[in-house]
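Generate coordinates for the entire structure from the input sequences, incorporating the hints supplied.
Now for the letters of each chain:
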Amino acid sequence: MENQEENKVELKDRRTEIVEAYVHYVLEHGREPVSVFKFVKSLGMKEEEFYEYFTSFASIKSAVWEKIIDDTVRGMESQEVYQEYSAREKMLSFYFTLVEELKKHRSYLLSMYEGHLSFKRNVPMELKGFKEKFKAFSADVILEGKENEEIADRSFISDRYEDALWLETLFILQYWLKDTSPGFEKTDVAIEKSVSLAFDLMGKSALDSFLDLAKFIYQSK
Amino acid sequence: MSDKSENYREQEHIPTSKVQRATKFFKTGAKVGGNYVKHYAKKMVNPNLTKEDLHASNAEDIYSSLSELKGSALKVAQMMSMDKNILPRAYQDKFMMAQYSAPPLSYPLVVRTFQKSLGTTPEALFESFTKSAVNAASMGQVHQAEKEGKKYAVKIQYPGVAESVSSDLKMVRPFAYRLLNMNEKELDHYMEEVEERLLEETDYVLEVQRSEEISQACSHIPDLYFPNYYPEWSSDRIITMDWIDGKHIKEWMLTNPSQEERDRIGQALWDFYNHQIHNLKKVHADPHPGNFIIQKDGKLGIIDFGCVKVIPEDFYQGYFSLIKSDLLIKEEELDKIFFDLGFISYKDTEDEQKYFKGVFRAMISLLGRPFHSESFDFADESYFMEIFEMGDRIGNDKMFKKSRQARGSRHGLYINRTYFGIYNLLHQLGANIKTTKPEWLVK
Chain A
-18 MENQEENKVE LKDRRTEIVE AYVHYVLEHG REPVSVFKFV KSLGMKEEEF
32 YEYFTSFASI KSAVWEKIID DTVRGMESQE VYQEYSAREK MLSFYFTLVE
82 ELKKHRSYLL SMYEGHLSFK RNVPMELKGF KEKFKAFSAD VILEGKENEE
132 IADRSFISDR YEDALWLETL FILQYWLKDT SPGFEKTDVA IEKSVSLAFD
182 LMGKSALDSF LDLAKFIYQS K
Chain B
8 MSDKSENYRE QEHIPTSKVQ RATKFFKTGA KVGGNYVKHY AKKMVNPNLT
58 KEDLHASNAE DIYSSLSELK GSALKVAQMM SMDKNILPRA YQDKFMMAQY
108 SAPPLSYPLV VRTFQKSLGT TPEALFESFT KSAVNAASMG QVHQAEKEGK
158 KYAVKIQYPG VAESVSSDLK MVRPFAYRLL NMNEKELDHY MEEVEERLLE
208 ETDYVLEVQR SEEISQACSH IPDLYFPNYY PEWSSDRIIT MDWIDGKHIK
258 EWMLTNPSQE ERDRIGQALW DFYNHQIHNL KKVHADPHPG NFIIQKDGKL
308 GIIDFGCVKV IPEDFYQGYF SLIKSDLLIK EEELDKIFFD LGFISYKDTE
358 DEQKYFKGVF RAMISLLGRP FHSESFDFAD ESYFMEIFEM GDRIGNDKMF
408 KKSRQARGSR HGLYINRTYF GIYNLLHQLG ANIKTTKPEW LVK
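Line order of the protein sequences matches chains A and B.
Numbering-wise, our numbering puts 173 at position 192 of the first sequence, and it's gapless, one number per residue.
Each number in our numbering corresponds to the 1-based position in the second sequence with 7 added.
Because the hints were derived from the structure by calculation, they are not lab data.
Certain hints may be false.
[Unchecked claim] Listed below are the simulated DSS-like cross-link pairs for lysine-lysine, each with C-alpha atoms no more than 30 Å apart in a straight line:
id : chain 1 : residue 1 : chain 2 : residue 2
1  : A       : 101       : B       : 138
2  : A       : 116       : B       : 138
3  : B       : 123       : A       : 85
4  : B       : 157       : A       : 159
5  : B       : 138       : A       : 85
6  : B       : 177       : A       : 174
7  : B       : 123       : A       : 159
8  : B       : 123       : A       : 174
9  : B       : 123       : A       : 48
What follows is the structure, given as structure tokens:
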């Protein structure tokens, strides 16, 4: 039992070690290693050992993104005030914490994605895990928003809210990568304004009353 | 899928705020132009229509666009609302409203600002902290905090304000031409000064430093109260100071204070400015009513040293020589000062020189009137009407309008603004003041 536990810890360390070495390589060289073979050689590791943890470089990149969102959620939830937040504030808090986490990896992310023109049109494969975790988080927030009526429950459309928030996330990622303002203040402003818009759109609005009336007139004809 | 990309497109153009704000301004500009056309069209039909009507509809449109902007545009609106003598009366009330209407920051962004600049959260630093702002400042918002039974005011700057100062000013420009009846050259001459002050105002570290410095230097003046500042809880985006309980002048006046009380508060205000201008040569240049709080114990609390004008020595000498009463100042001396301060220049024709000398002489003798006697009653309504009338008369004079010259030193901008502010506050108070002045001016 004890032995197993130890083994697990070691397994985890080895995994983190590979991720760190990979990130380090990218930072030093400004690009990916040429091949897994060359990469593990510099690590003093056998290639087959590498495959115990990762299948390719893409899965390492994916791990970096997943670590970012895991740390974001953990950091955000550790703030006491978080539990008192409304859905809108939770979303804001998520993005603010996210850009703080991203900052720790800025050089790495820049060398990987600076030339990447549009996250929206061409979502990098390695964001898949990140996306799943984000969707799980945003689904909770949306559910909560519906419960306290911050968010209007509209048939068909409300199923797409998560997708809309994901697009917003991509927009923020891209905006942050290009942001050159001191302290990334402009990203803060972009977050504040775009979340505000998203929740205004999702909230109950004149449109709902209009649809309601239209439905009534149609039905009572 | 289509509604997704729709949604995205809308989000995409939100933060490119500069373009958006520019269009906002453009729209208003067009509207104001339209108002002029409408006005003159109406006037052909109805010659009795006054300019006041036009100003009212202009103010409406300009205000509605300014109120949607934060930061420096708001600040310019504020400034224009302060300079009552420049602005026609109808603009004033609308602009006064702008001082209280910027959309607040969300609480998570407040927390983020704390984390970024102080490395901690508001909850960790204080025992309690209001989730929403209790007050709006022009470049930020104020929260109330409590710790160990003491109340604090915490001012937080809107992110991105400092960066947008210059671009915002560029956008205000076309309005200012029209509103202030100035030509481009004249305006640029002053805009530089405004930009400098505004940039300083976004520097919270400097503000704390100046607040402490000036409060210290004025601590001997009776009936004044200055809050303590807490540099360890302040940063480039946050200022923490003591909370001041009390009433603003307008509210205080509703409690019907006695003439004696009003004179006492007014005198404290006068002494405060007199000491800064003539001894420190550094002045709190924002005598906005919100910055003065009358406390329960009858002391006048003074806050917000964001806008401080340092008065250069050569400007000081010339400018204040002008307030000598007419009898004491000689013709040649006056001429020299007018040239030095740029009121008139060698580019002017002889006629222009003569005209402007006359105008400035009249202005100076009117505005300097409080200095010409031992005491002055600021309650005197007729004095202020005289100032408005003169402003209107000169502003509408053809000779004045067609001049392409920038007139007056840029340093005068904030000093004038300060004096107008003080006069206004003293008028609100209806105070009778011993108008002390430096020794060298009386001789």
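Status of each hint after checking the structure:
Between residue 101(A) and residue 138(B) the alpha-carbon distance is near 35 Å, which puts this suggested pair outside the 30 Å criterion. Using a Cα cut-off of 30 Å, the hinted pair residue 116(A) and residue 138(B) holds, with the two alpha carbons roughly 28 Å apart. With a C-alpha separation of about 13 Å, the suggested pair residue 123(B) and residue 85(A) falls inside the 30 Å cut-off, and the hint holds. Annotation: proposed proximity of residue 157(B) to residue 159(A) is violated, straight-line Cα distance about 43 Å (limit 30 Å).
Simply put, residue 138(B) and residue 85(A) have alpha-carbon atoms about 28 Å apart, close enough for the 30 Å limit, and the pair holds. Distance restraint check for residue 177(B) and residue 174(A): the Cα-Cα separation of roughly 23 Å lies within the 30 Å cut-off, and the hinted pair is therefore satisfied. About 20 Å separates the Cα atoms of residue 123(B) and residue 159(A), which keeps this hinted pair within 30 Å; it holds. At roughly 19 Å between alpha-carbon atoms, residue 123(B) and residue 174(A) fall within 30 Å of each other, so this suggested pair holds.
The hinted pair formed by residue 123(B) and residue 48(A) meets the criterion: a straight-line CA distance of about 21 Å does not exceed 30 Å.
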